[in-house]
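So the sequence lines, in the order shown, correspond to chains A and B. Using this note's numbering, read the first sequence as starting at 1 and increasing by one per residue. Using this note's numbering, read the second sequence as starting at 113 and increasing by one per residue.
Calculated directly from the structure, the hints in this document are not laboratory data. Hints may contain errors.
Mimicking DMTMM-like on lysine to aspartate or glutamate, the simulated pairs with C-alpha atoms at most 25 Å apart in a straight line are [what the hints assert, rightly or not]:
1) B:Lys-180 <-> A:Glu-59
2) B:Lys-206 <-> A:Asp-26
3) B:Lys-165 <-> A:Asp-73
4) B:Lys-206 <-> A:Glu-100
5) B:Lys-167 <-> A:Glu-79
6) B:Lys-166 <-> A:Glu-59
7) B:Lys-166 <-> B:Glu-179
8) A:Lys-57 <-> B:Glu-127
9) A:Lys-44 <-> B:Glu-127
Okay, the calculated beta carbon distance ranges per label pair [unchecked claim]:
10) A:Thr-70 <-> B:Thr-187: 19 to 29 Å
11) A:Thr-7 <-> B:Arg-192: 27 to 37 Å
12) B:Phe-130 <-> A:Val-50: 34 to 44 Å
Yeah, the Cβ is synthetic: ideal placement off N, Cα and C, and Gly gets one too.
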Amino acid sequence: NAGVTQTPKFRILKIGQSMTLQCAQDMNHNYMYWYRQDPGMGLKLIYYSVGAGITDKGEVPNGYNVSRSTTEDFPLRLELAAPSQTSVYFCASRQQGNTEAFFGQGTRLTVV
Amino acid sequence: KNEVEQSPQNLTAQEGEFITINCSYSVGISALHWLQQHPGGGIVSLFMLSSGKKKHGRLIATINIQEKHSSLHITASHPRDSAVYICAVGAGNKLTFGGGTRVLVKP
Numbered sequence: 001n002a003g004v005t006q007t008p009k010f011r012i013l014k015i016g017q018s019m020t021l022q023c024a025q026d027m028n029h030n031y032m033y034w035y036r037q038d039p040g041m042g043l044k045l046i047y048y049s050v051g052a053g054i055t056d057k058g059e060v061p062n063g064y065n066v067s068r069s070t071t072e073d074f075p076l077r078l079e080l081a082a083p084s085q086t087s088v089y090f091c092a093s094r095q096q097g098n099t100e101a102f103f104g105q106g107t108r109l110t111v112v
Numbered sequence: 113k114n115e116v117e118q119s120p121q122n123l124t125a126q127e128g129e130f131i132t133i134n135c136s137y138s139v140g141i142s143a144l145h146w147l148q149q150h151p152g153g154g155i156v157s158l159f160m161l162s163s164g165k166k167k168h169g170r171l172i173a174t175i176n177i178q179e180k181h182s183s184l185h186i187t188a189s190h191p192r193d194s195a196v197y198i199c200a201v202g203a204g205n206k207l208t209f210g211g212g213t214r215v216l217v218k219p
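Pulled out of the complex, with its shape left as it was, chain B reads as follows (with noise of 0.2 Å):
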């Protein structure tokens, strides 16, 4: 079983609508980290959270430490949002990954 488990693995959305992904993680960690990846490979830091909740522009993370779960919601959803979006959870000096939510916004 992986330490990180996100889902769901794919997700189609029309523009505007409300979408959320999932992690779950089965290690204790100091710190939870959501990333994006666009098509062309670059990835970047969205949101780094060790408790409750972090909100910018439409995105939102939330984390609940005690049920290891955490959930990256994007509000009115834009063609723009169409990426891969990691979940990663700091332990110790490491990071470990989960195998990424494949999200594509339709027009």
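So here's chain A without its partners, still in its complex pose (with noise of 0.2 Å):
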């Protein structure tokens, strides 16, 4: 098991770029989320998602996109970087429930 696997694990962009910031998890987790975490700051949910098919706004959605068109793949869009976007990304995923939560080792990106 490779657990969550997110790429790339550093980028930087220019403004006004697009990318995407991949995510896949092979535990077949129902839930997977994208949160991004500023310095000093505790995680804030960007969007997550209950199954394939099905995502949902979370606290901070302004700028991002998503997908899953699968169990396995949540990939996470910037359409117009933003220095505002600055951050390192986190994805997690974790099997409906009260359960454990499994955690990417982030994307630091760096927009300029």
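Please dock the two separately framed chains into a single complex, following the hints provided.
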């Protein structure tokens, strides 16, 4: 089991560029999440999904989009990168119910 | 006011000391999670609990549902325990996170 795999680990974007952060899990979890972590701050929920074909906004969804075409994959799309999106992004997954959450290693994104 | 509050924000201890981190929350929850984030960023789950107490090695987590409060204790702390400890509460489909407690254990 690889767990939750995020790619890339690091990325620098110019303002206005777009990119997709990839997240894949091999644990057959139905819940998947994208969070951002700003320096000294707690994780903020961007988007989440409770199963293939179902996504919903979290606390800070503006500037991002997601899709969930399969159980395994939950990519996060930035369409027009802005400096405010400089952050560390974490993908997480867990099974429905009171279950342990598993996290990817994070993607450190800098927008310049 | 944040839904999940942790205290202290920062903590420095000498090796061998007993450490306590507190987490208070204001919403109804189904479970509370304690997580550890090491320098370098990876986040791992330490505990998930919905009542009582759990122990794993030198780590102990307790929760009081009526008081909406949880504590994470580290006994006989060691420099390798230096990390950020994060409390998260689960309600419905989501997890809501506290701001984390940065722990430094000096040799």
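Status of the hints after comparison with the structure:
1. B:Lys-180 <-> A:Glu-59: 22 Å, holds
2. B:Lys-206 <-> A:Asp-26: Roughly 20 Å between the alpha carbons, so the hint for Lys-206 (chain B) and Asp-26 (chain A) holds.
3. B:Lys-165 <-> A:Asp-73: Violated: Lys-165 (chain B) and Asp-73 (chain A) sit about 35 Å apart, past 25 Å.
4. B:Lys-206 <-> A:Glu-100: Holds - the C-alpha atoms of Glu-100 (chain A) and Lys-206 (chain B) are around 12 Å apart, at most 25 Å.
5. B:Lys-167 <-> A:Glu-79: Between Lys-167 (chain B) and Glu-79 (chain A) the Cα gap is close to 45 Å, so the pair fails against 25 Å, i.e. violated.
6. B:Lys-166 <-> A:Glu-59: 31 Å, violated
7. B:Lys-166 <-> B:Glu-179: 18 Å, holds
8. A:Lys-57 <-> B:Glu-127: 43 Å, violated
9. A:Lys-44 <-> B:Glu-127: 32 Å, violated
10. A:Thr-70 <-> B:Thr-187: 19 to 29 Å: Between Thr-70 (chain A) and Thr-187 (chain B), where Cβ atoms are some 43 Å apart, the hint is violated.
11. A:Thr-7 <-> B:Arg-192: 27 to 37 Å: 28 Å, holds
12. B:Phe-130 <-> A:Val-50: 34 to 44 Å: Distance hint for Phe-130 (chain B), Val-50 (chain A) holds at roughly 40 Å.
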